[in-house]
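Asks: Chains as they are written, first to last, in the UniProt record's numbering: chain A, 1 to 268; chain B, 1 to 185; chain C, 1 to 413.
No lab work stands behind these hints: they were computed from the structure.
Errors might be hidden in some of the hints.
Unchecked claim - Derived PhoX-like pairs (lysine-lysine); straight-line CA-CA distance at most 25 Å:
1) B/136 <-> B/75
2) C/230 <-> A/265
3) A/265 <-> C/229
4) B/136 <-> A/91
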Amino acid sequence: MSTLTRLATAAMMAAGLSLGAGATGALASSGDGPHLKQPNWSFNGLFGGYDEAQLRRGWEVYSGVCKSCHPLDYMHYRNLEQIGYTADEVKEIAASFDVPDGPDEWGEMYTRPATPMDPIAHPYENDAIAKLANGGVVPPNLSVMARARDGGADYIYSLLLGYADEVPEYVLEADPNFSLPPGKSFNHYFPGHAISMPQQLFEGILEYSDGSTPSAEQMALDVTSFLQWAAEPELEDRKALGRYTLLFLIVLTGLLYAYKREIWKDAH
Amino acid sequence: MSQAVDSAGTADGESRRDFLLYATGAVGAVGTALAVWPFIDSMNPAKDVLALATVEVDLSPVAVGQAITVVWRGKPVFVRHRTPEDIEQAKAVDVSTLRDPETDEERTIKPEWLVMVGICTHLGCVPKGQKPSDPKGEWNGWFCVCHGSQYDTAGRIRKGPAPLNLPVPEYAFLDDTTIRIGEEG
Amino acid sequence: MSSTPDPVWSNRTIKWVDRRLPIFSLLYREGIVYPTPRNLNYWWNFGFIAGLALVILILSGIFLAMFYTPHEDMAFASIERLMREVNYGWLIRFIHMNTVSLFFAAVYIHIFRGMYYGSYKAPRELLWAIGVIIYLVMVGTAFLGYVLPWGQMSFWAATVITSLVTAIPVVGDDIAVWLWGGFSVDNDTLKRFFSLHYLLPFVIFALVFMHLWALHTTKSGNPLGVDVKKPADTLPFHPYYTLKDAFGLGIALIILCFFVFFYPNYFNHAINYVQADPMVTPEHIVPEWYFLPFYAILRAVPDKLGGVLLMFAAIAIWLFLPLLDTSKTRSGRFRPIFKWFFWLLFIDFVLLGYLGAMPAEGVYITLGQWATAYYFVHFLVFLPLLGWIEKPLPVPESISAAVTDGHEKEAAA
Chain A
1 MSTLTRLATA
11 AMMAAGLSLG
21 AGATGALASS
31 GDGPHLKQPN
41 WSFNGLFGGY
51 DEAQLRRGWE
61 VYSGVCKSCH
71 PLDYMHYRNL
81 EQIGYTADEV
91 KEIAASFDVP
101 DGPDEWGEMY
111 TRPATPMDPI
121 AHPYENDAIA
131 KLANGGVVPP
141 NLSVMARARD
151 GGADYIYSLL
161 LGYADEVPEY
171 VLEADPNFSL
181 PPGKSFNHYF
191 PGHAISMPQQ
201 LFEGILEYSD
211 GSTPSAEQMA
221 LDVTSFLQWA
231 AEPELEDRKA
241 LGRYTLLFLI
251 VLTGLLYAYK
261 REIWKDAH
Chain B
1 MSQAVDSAGT
11 ADGESRRDFL
21 LYATGAVGAV
31 GTALAVWPFI
41 DSMNPAKDVL
51 ALATVEVDLS
61 PVAVGQAITV
71 VWRGKPVFVR
81 HRTPEDIEQA
91 KAVDVSTLRD
101 PETDEERTIK
111 PEWLVMVGIC
121 THLGCVPKGQ
131 KPSDPKGEWN
141 GWFCVCHGSQ
151 YDTAGRIRKG
161 PAPLNLPVPE
171 YAFLDDTTIR
181 IGEEG
Chain C
1 MSSTPDPVWS
11 NRTIKWVDRR
21 LPIFSLLYRE
31 GIVYPTPRNL
41 NYWWNFGFIA
51 GLALVILILS
61 GIFLAMFYTP
71 HEDMAFASIE
81 RLMREVNYGW
91 LIRFIHMNTV
101 SLFFAAVYIH
111 IFRGMYYGSY
121 KAPRELLWAI
131 GVIIYLVMVG
141 TAFLGYVLPW
151 GQMSFWAATV
161 ITSLVTAIPV
171 VGDDIAVWLW
181 GGFSVDNDTL
191 KRFFSLHYLL
201 PFVIFALVFM
211 HLWALHTTKS
221 GNPLGVDVKK
231 PADTLPFHPY
241 YTLKDAFGLG
251 IALIILCFFV
261 FFYPNYFNHA
271 INYVQADPMV
281 TPEHIVPEWY
291 FLPFYAILRA
301 VPDKLGGVLL
311 MFAAIAIWLF
321 LPLLDTSKTR
331 SGRFRPIFKW
341 FFWLLFIDFV
351 LLGYLGAMPA
361 EGVYITLGQW
371 ATAYYFVHFL
381 VFLPLLGWIE
391 KPLPVPESIS
401 AAVTDGHEKE
411 AAA
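The following block holds chain A by itself, in its conformation from the complex:
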């Protein structure tokens, strides 16, 4: 019995170490300001997965709003088949984008409609143009955003809805000299609060093809879910395989424990 309690202590210690590391990481990143909004995401938890209809709405928000400034690197139009678009629909979506190609037989670069095999088109030809068009800041790639920020989906969602017209009291209390540089907007959740991207999501700026009401909250939920999928397209496979693997390991470890006890009877 004492061995078991020792084992439990070991496990707790390992868990304590890891939780400590994680908690400190989270602490280090949180600035002043309100806590992140935490919607009840469909992809949370051991059994979480994606809602394809929501992901398609999210793609509509991306291609209607975000697309004009933000790339989705490492993704291809063909990936959209994974969120329930048919092969023909994907072809149509791809063809609505122009992508650079070439050189042709005369040595000239040209543009052509994209095919499903093409990477999702970049909004700008290069970073210099992107900078020029966006007040000196390159709009970041969105395909890994949900992995690349502490807080992940919660952070993206909070940020999209986190704009304020005036600098709030708590910021001025912390720093009386705070003032927004020209061309920047105030955001509760952005580190330093001065964000280059103005507020994008306003009620009714687009129409959903499935007739959902395009409120700012709805669009933020949908596009954040879409970006979560863009960052972790493997999530559903991963969790499903994980459930089987854990179940299997628990059975195997149980058997090993029983067999080990049986054998060790001889030694006591």
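Since the structure of chain A is provided, determine the placement of chains B and C on it from the hints.
Replies: Below, chains B and C alone, put in the same frame as chain A:
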């Protein structure tokens, strides 16, 4: 504790022990085998490679008598828009005299379009014959400069060391002037 | 211990091979009948778990290298492609990433187990020293590997850590340029890091082999710290400890898979999914959790060279434990005062880890300096003194005697 020690020696204890040995061994072996699979499968073609396993080709710019070369799965594919003379020549051959007997109908879907992998069946060179200025050999088809294999207007081997005709890939017409190479329609 | 004769092989092929290369006899002697103290507790499982973590890391790493491109423009994208396009690529990468944490966790527990039970004392000084060297090479390998994804934290970790050598007087700057193969961390730095990251695990593997060789020469220690004296003190390694190790491994794999499948990026830093940008330093540069205690020691010293030296001294001091610990009693179980100091050291080490993750400002600096001071005082002052001051409890005469005693007590209770 002392009761447990006693029971280990009995027949009951023995069979329990055997059961645990076989059950644990079997579960462990199955688990190890399953764990190996993801690693093996990772070496199969990745999704982006498979996505390029089919290629769609727009034939509309290719005039009669012209040929284009497209890349499919890393290999050149010859597409020739054959003239009526080409077709006639290909059909006129007595198939039984050929080294690799195939009729022209077996090698084409629409007679005016010949689609085949442009790799000589001898030792893997790319034969000449796509450009107007290229040597085309005695049968007005393709000529492999490596070892002198000659192919006719249906891409069949006629002379030289190559054993087989130029292979025709799986392809299908999506419409009158578009083909998809890599899978049948 | 020469009481177990080599087996007579009945299978003709085995017999033929064994006469020319006695590999079966070796496995039989060292892996089956190998006499192991009968009283090893679960803290003795972690060496095996660490060894298996190394095997998992090498195997998954070989597959990662099939898809990784060591180039400053392509490294980041090649890993994204691995995770998105390659069959089970995400799984192989997440296994590799998280097994590093398992490896370090197991090794830390293994090291602290050794400290508590006096595993470094004669005749096991060299066994211990090889272990410390394994840990040092592990640290180097883990650092090199962390640079390869070429994210923001990769790049800046490479910059900060390689800049440590500039603390060396006179030649420091030249050494840094030599390490980089340029004037900053760049493409050639990445490529040499990849090459060395592939090499060093096999060096560790060889060192582990020597560690095991030394272990099987001196034989395992045990929680009582008394030598094995008679056959009744031991059990054959198989099936007793093979099964106990397998069970412990099962638990470790459950914990590993929980993270791999459900929280694969838990130990990672989000900012490392932003591609390296030599023009922008992230706000907080924090090493991986397993480096944090030493990172805190590095930052505790306001002097550049002093900090670097102290950080390496914090690990190198483990090599001198056989000299610093003057007590004749091996096991902490029979050392009433040492026990307390051991746990204080453990708490101090965890505290250092916590401080390593905090920004270097205000109270964290002061705390870091005190915790660092305590760390060294423990080894340099308390440990030598305890051997003189402390009066150890009586040690049982033999393992088997202690085990029987224990049973009698249990029966009486």
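Asks: Are the Cα positions of residue 265 of chain A and residue 229 of chain C separated by 25 Å at most?
Replies: Holds. Residue 265 of chain A to residue 229 of chain C sits at ~23 Å (cutoff 25 Å).
Asks: Going straight from one Cα to the other, do residue 136 of chain B and residue 75 of chain B come out at no more than 25 Å?
Replies: holds (20 Å)
Asks: Given the hint that residue 230 of chain C pairs with residue 265 of chain A, test it: the Cα-Cα distance must not exceed 25 Å.
Replies: holds (21 Å)
Asks: Does the alpha-carbon distance linking residue 136 of chain B and residue 91 of chain A stay inside the 25 Å limit?
Replies: violated (39 Å)
Checked against the numbered hints above, the structure breaks only hint 4 and satisfies the rest.
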